[in-house]
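Novice: Just so you know, the protein sequences line up as chains A and B, in that order.
Mapped onto full-length UniProt numbering, the consecutive letters of the first sequence carry residue numbers 1 to 258.
Mapped onto full-length UniProt numbering, the consecutive letters of the second sequence carry residue numbers 1 to 258.
One should not assume that every hint holds.
One copy or two, it doesn't matter: identical chains are merged, so the pair holds either way.
[Claimed, not checked] No farther apart than 25 Å at their CA atoms in a straight line, the calculated lysine-lysine pairs in the PhoX-like style are these:
#1 K163 <-> K213
#2 K177 <-> K66
#3 K3 <-> K173
#4 K3 <-> K151
Because the hints were derived from the structure by calculation, they are not lab data.
Number of protein chains: 2
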Amino acid sequence: MSKRPLILVTNDDGINAPGIRSLIQVMNEIGDVVVVAPDSAQSGMGHAITINSTLHLDKISNDSEKQQEYSCTGTPADCVKLAINEILERRPDLCVSGINHGSNSSINVIYSGTMSAAIEAGIEGIPAIGFSLLDYNYNADFEAAKYFAKKITKTVLKNSLPKDVVLNVNIPKLSKKDIKGIKVCRQARANWQEEFDKRKTPQGRDYYWLTGKFVNLDKGQDTDEWALNNGFVSVVPIQFDLTAHHSIQYLNTLNLDD
Amino acid sequence: MSKRPLILVTNDDGINAPGIRSLIQVMNEIGDVVVVAPDSAQSGMGHAITINSTLHLDKISNDSEKQQEYSCTGTPADCVKLAINEILERRPDLCVSGINHGSNSSINVIYSGTMSAAIEAGIEGIPAIGFSLLDYNYNADFEAAKYFAKKITKTVLKNSLPKDVVLNVNIPKLSKKDIKGIKVCRQARANWQEEFDKRKTPQGRDYYWLTGKFVNLDKGQDTDEWALNNGFVSVVPIQFDLTAHHSIQYLNTLNLDD
Numbered sequence: 001m002s003k004r005p006l007i008l009v010t011n012d013d014g015i016n017a018p019g020i021r022s023l024i025q026v027m028n029e030i031g032d033v034v035v036v037a038p039d040s041a042q043s044g045m046g047h048a049i050t051i052n053s054t055l056h057l058d059k060i061s062n063d064s065e066k067q068q069e070y071s072c073t074g075t076p077a078d079c080v081k082l083a084i085n086e087i088l089e090r091r092p093d094l095c096v097s098g099i100n101h102g103s104n105s106s107i108n109v110i111y112s113g114t115m116s117a118a119i120e121a122g123i124e125g126i127p128a129i130g131f132s133l134l135d136y137n138y139n140a141d142f143e144a145a146k147y148f149a150k151k152i153t154k155t156v157l158k159n160s161l162p163k164d165v166v167l168n169v170n171i172p173k174l175s176k177k178d179i180k181g182i183k184v185c186r187q188a189r190a191n192w193q194e195e196f197d198k199r200k201t202p203q204g205r206d207y208y209w210l211t212g213k214f215v216n217l218d219k220g221q222d223t224d225e226w227a228l229n230n231g232f233v234s235v236v237p238i239q240f241d242l243t244a245h246h247s248i249q250y251l252n253t254l255n256l257d258d
Numbered sequence: 001m002s003k004r005p006l007i008l009v010t011n012d013d014g015i016n017a018p019g020i021r022s023l024i025q026v027m028n029e030i031g032d033v034v035v036v037a038p039d040s041a042q043s044g045m046g047h048a049i050t051i052n053s054t055l056h057l058d059k060i061s062n063d064s065e066k067q068q069e070y071s072c073t074g075t076p077a078d079c080v081k082l083a084i085n086e087i088l089e090r091r092p093d094l095c096v097s098g099i100n101h102g103s104n105s106s107i108n109v110i111y112s113g114t115m116s117a118a119i120e121a122g123i124e125g126i127p128a129i130g131f132s133l134l135d136y137n138y139n140a141d142f143e144a145a146k147y148f149a150k151k152i153t154k155t156v157l158k159n160s161l162p163k164d165v166v167l168n169v170n171i172p173k174l175s176k177k178d179i180k181g182i183k184v185c186r187q188a189r190a191n192w193q194e195e196f197d198k199r200k201t202p203q204g205r206d207y208y209w210l211t212g213k214f215v216n217l218d219k220g221q222d223t224d225e226w227a228l229n230n231g232f233v234s235v236v237p238i239q240f241d242l243t244a245h246h247s248i249q250y251l252n253t254l255n256l257d258d
């Protein structure tokens, strides 16, 4: 690439989260960076978009930094749509989302605002990567994650990605020297066993907090869960064609039309 | 099935929407019905879950009806989690979501609260179907949709569904006699060309409304868009393994680890 690539950076933990600040540092070393990110945390937002409400964008002054930044009242998917349609003067060469504070491996991809931003970019035909670190701590150490984010981003910019595929990258909570490498994986079959914490308001009304225990149902050694549990960075190619193509033939035997 | 099936009904347009009232009528003819649905419209919520806030459930009195009903302050996915973990005394035999006021065909499945409820049930191992009518009108005619919802539900209860597959059913805005039949389809490749409507608040601050134009990029005659445009009900099998398995081999040629 002769000129510097244009890189859109977003996330779901909000524009001030340490994870996105780390990702911006990395991307400034690679290209020209524009940040459009939620003004507050959006975890668990899935692929939500804002239809029944208005959206605000605020340009942030950040004199000491190279990147342009905008804070948005919407969801991660809204940020990508606004960036492409209202802010960027040309199509970005890449969209990166994260670095998320916490895992987006296996079934978590479904609930992930981080990945919804990457998927939204993918739908628009823009190469996209979501990065997540397996550490929920606000003050997590992002050094290893930054190293691998840079490495993977450079490879993707050099080679591009298959059509309609975005990457879900998860980084284990280990120091760089203890990480064994990068593995391309499939999404593990897992789910959450919910345990609702039922409480009473001071007025005596019941309410619930959603909590739960993550259960990996998948013993395969080609999954993201296996890779992460064994000290590897996991890279799962993600698609937004949700068709279960393998089941079409069976469904046609049911004669739904009879 | 010797005893009547237990059917969980939910939606994303809210518990009072005509679409879910139509679906409840149909399901009461087939099984024992428990309704757990959002207390207000949740369109565009994608697969959002409520992590950073509390959830309330209210039992609704509905003396004239057979079903039990609960209204929930959360998202469609929250409703399914609460129903399974806190309300139902046994696992439901089926979860149905809808009937949505408006299409959830092709890429809309990604943004759909209706389908997120069905997918959430699928992750829990419960057969699930989302129904949507291609009519946004609050006072839409649900008669044809009810007919096809009943037909498809009975077939699914009789035959079950492949493991980890849920159905996305869309019904064209036509009278029953003008609908040509039911087609099993794949999800069309489509997207939205956003057109943000930029306005100023009375105080002079910019804000945006998200609007857009749906663009079908897919000329295939095996897609849901083709079926719907040609007078058929579309049935797309949906999976929540988002892995782009076909691209793993290519990604391994990139030597991400070097």
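Novice: Against each hint, give a clear statement of whether it holds in the structure.
Specialist: Hint check:
1. Taking identical chains as interchangeable, the C-alpha atoms of K163 and K213 lie at most 25 Å apart only when they sit on different chains, with a minimum of 22 Å there against 35 Å within one chain.
2. Proximity of K177 and K66 under a CA criterion of 25 Å is satisfied in neither setting, with 30 Å inside one chain copy and 63 Å between copies.
3. Proximity of K3 to K173 under the C-alpha cut-off of 25 Å is found in neither arrangement, the shortest distances being 35 Å within a copy and 50 Å between copies.
4. Only within a single protomer do K3 and K151 lie at most 25 Å apart by alpha-carbon distance; the minimum there is 19 Å, versus 58 Å between protomers.
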